[in-house]
Amino acid sequence: MQENNIVIIKYNAGNIRSVDFALRRLGINAEITGDSDRIRAASKVIFPGVGEASGTMEYLRLRGLDVVIRRLTQPVLGICLGMQLMCNFSEEGDTECLGIFDTSVLKFITGKVPHMGWNALENTKGPLFRKLGRGSYVYYVHSYYIPENKYTTASSIYSDRFSGAMQHDNFFATQFHPEKSGSTGEQILKNFISL
Amino acid sequence: MLAKRIIPCLDVLDGRVVKGVNFINLKEIGDPVEQGAWYSDQGADELVYLDITATHEKRKLLAGLVRRVAENINIPFTVGGGVNHIQDADALLSAGADKISVNSAALMNPALVDQIAKSFGSQFLVVAIDAKNVDGRWVVYRNGGRLATDRELFEWASEVWMRGAGEILFTSMDHDGVKNGYACRELAMISDTLPIPVIASGGAGAPEHFLEAFREGKADAALAASVFHYNEITIPELKKYLKDHDIPVRA
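So the protein lines, in turn, are chains A and B. Using the working numbering, read the first sequence as starting at 719 and increasing by one per residue. Using the working numbering, read the second sequence as starting at 16 and increasing by one per residue.
Hint data in this document are derived by calculation from the structure and do not stem from the laboratory. Honestly, I wouldn't trust all of these hints.
Claimed, not checked - Some but not every residue of chain B turned toward chain A, in silico, with C-beta under 7 Å: (1) Gly111; (2) Arg178; (3) Gly181.
Quick reminder that beta carbons are idealized off the backbone N, C-alpha and C, glycines included.
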């Protein structure tokens with residue numbers, strides 16, 4: 719395997735550090751940058767996020783990062799808000815997003831919000847979920863969700879079934895936080911890194 | 016299905032983990048990072064670090080400790096104590112905290128709840144409420160249970176929810192340290208009224224108490240300290256017990 723050059727996209731969001739720490743625990747040194755050339759040159763790109771959709775999209779657009787991300791051809795992993803921003807549209811702030819996944823992000827209207835805590839993964843498929851047992855638990859914190867759709871590669875149930883993870887070509891995404899999901903999350907990150 | 020969370024609470028004083036009984040008689044028992052990692056390996060779903068002297072002595076939590084925890088532990092953790100300004104919240108977020116818990120500062124300046132929720136999102140903000148039944152009225156206390164306020168538990172819980180709190184950590188001071196079970200009736204009232212998660216705190220002495228907190232108290236998570244610190248209950252056996260009683264828990 720060619721040497722891994724992992725980039726974590728830096729933008730106005732929280733928890734970027736958590737992703738970096740999680741990778742370091744796996745012995746991987748990632749570069750945290752908002753520089754378009756560095757992002758394009760990476761062998762893998764992680765697009766993490768805790769934050770608000772409209773403000774984040776505005777931040778990305780102002781720096782041209784929306785176009786950069788959309789055109790990436792190497793494996794990309796969107797996490798939480800990152801996954802939501804990869805969709806067409808989010809009800810959070812009525813935001814036009816990146817349009818990588820042709821689907822929309824909705825607000826939870828039943829159950830306690832945010833959906834916070836450990837939930838089981840079901841119907842997992844694809845390379846991110848290699849070597850995981852059935853019904854593995856992962857950690858979620860979110861108030862908006864993506865219903866199941868043709869890109870869904872894992873689901874969880876909160877009132878209804880929703881997309882825990884999605885994939886379209888080289889774009890992977892998880893609604894949960896692998897960086898906070900114990901050994902299950904570590905395996906998922908390892909799986910992404912070894913793609 | 017969303018699992019009920021088991022949360023060991025590590026009370027931190029001068030960088031060491033301690034646990035007081037009824038908030039006094041502090042006893043030193045260990046390194047916060049080592050203990051956190053140990054609990055994570057045991058199957059804890061989340062950790063809470065509370066700097067119990069921060070508000071009292073006007074000290075700030077050491078961002079360095081938070082950073083060390085974030086570097087070493089692969090489950091979410093909340094940090095509380097001494098968050099008085101939005102800058103304190105920002106510093107803890109930057110150091111790697113997943114959530115912060117605000118108690119006294121919110122009582123003295125309720126707008127802080129709005130500010131933190133607006134700046135960093137409700138998911139980042141836990142409001143901790145210490146309350147005690149005084150002649151039938153649940154009075155909210157501040158400064159680690161030292162000072163009574165004129166707030167009433169249920170009104171205050173609703174107010175912080177409206178201001179943007181993402182979660183409520185309710186400690187019954189009457190139950191804390193007594194090991195006779197959580198304040199389930201009050202927990203259920205909060206949980207039924209508010210559309211945000213509620214963490215039960217104060218009173219765990221046996222596995223049944225956790226079961227009651229989830230069944231009768233309708234809590235989303237249960238927090239405990241001494242029963243875990245002194246190995247009176249281990250997390251794997253607690254989770255097995257809860258699972259056997261049909262409570263969804265993370266294996």
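Now the hints, each set against the structure:
1. The beta carbon of B/Gly111 is positioned within 7 Å of a beta carbon in chain A (closest approach about 5 Å), and the interface hint is therefore held.
2. Taking 7 Å as the C-beta contact cut-off toward chain A, the hint placing B/Arg178 at the interface is violated, the least distance being around 15 Å.
3. The criterion of a C-beta within 7 Å of any C-beta in chain A is met by B/Gly181, whose closest approach is roughly 6 Å, and the hint holds.
Checked against the numbered hints given earlier, this structure breaks only hint 2.
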